[in-house]
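**Q** Sequence:
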Amino acid sequence: MKIHDISLLVEEEMVIYPGDPEVIIKRYKKNQNGWNLSNISMGSHTGTHVDTLLHIKDGADGVESIPLDKCYGICKVLDLSEIPFGEGIQKFHLEKFEINKNDIILIKTINSTTDYKEFREDFVFLTDSAANFLAKKKIKTIGIDYLSVGSRETHEKLLQNGIMIFEGLILRNIQPKEYIFIGLPIKIKTEGAPARVILIEK
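If you count the sequence shown from 1, you need to add 194 to reach the working numbering.
It should be emphasised that the hints constitute simulated quantities derived from the structure, not laboratory data.
Keep in mind it's a predicted model, so treat the numbers as computed, not measured.
Heads up, none of these hints are tricks.
Dumping the calculated BS3-like pairs for lysine-lysine here, alpha-carbon to alpha-carbon at most 27 angstroms:
#, residue 1, residue 2
1, 332, 264
2, 290, 334
3, 290, 396
4, 332, 270
5, 196, 371
6, 334, 371
7, 295, 264
8, 331, 251
9, 196, 270
10, 371, 331
11, 332, 396
12, 290, 330
Derived Cβ-Cβ restraints for the label pairs, each shown as a range:
#, residue 1, residue 2, range
13, 284, 396, 26 to 36 angstroms
14, 253, 367, 37 to 47 angstroms
15, 224, 273, 38 to 48 angstroms
16, 309, 237, 12 to 22 angstroms
17, 281, 346, 15 to 25 angstroms
18, 232, 290, 45 to 55 angstroms
19, 384, 222, 13 to 23 angstroms
20, 290, 226, 57 to 67 angstroms
21, 259, 346, 17 to 27 angstroms
22, 224, 346, 34 to 44 angstroms
C-beta atoms are modelled at their ideal positions from N, C-alpha and C, and glycine is treated no differently.
Construct all of the structure, not just a fragment, from the sequences and the given hints.
**A** Next comes the structure, spelled out in structure tokens:
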């Protein structure tokens, strides 16, 4: 059994979405009575993370209410790395793949070549037409290899249709095929949370 960790390492100086809180990890206690303890400060959308409807709508359900079936199952990795930086994933890009109800879809793009060294404003994103297409297909989860899936409108279309969003995935060395997907965010009462995401070879 081969397991792929497709999660970003959370550390100081890591790339974050512009305007988000920086990551600060400080030793709170150092070898005090034989114990070490750290204090961690970071945004709720740091690194590999999930978005919930609460991210865009006050009073909506947050991370603590995520249905766990959206975090586990067979997933399809789609390779759209031919789309250049600065352009979006359109409906016609997705129509060539077999996408069914309750699928978990991960999209590999040219974003994966950046290795998250610095933030790129021209990252490949999901357009509104692609989000509408996925919503009509009634998939349950979408994941992409950058810190945002796209515009607010794209987020709204996905989240309001019950589609879980995973952002910040590392897909550079992942082959386009089916895997067992496990992505578990911290159980915390907020609108987003870091997640450890793995793919298991079928």
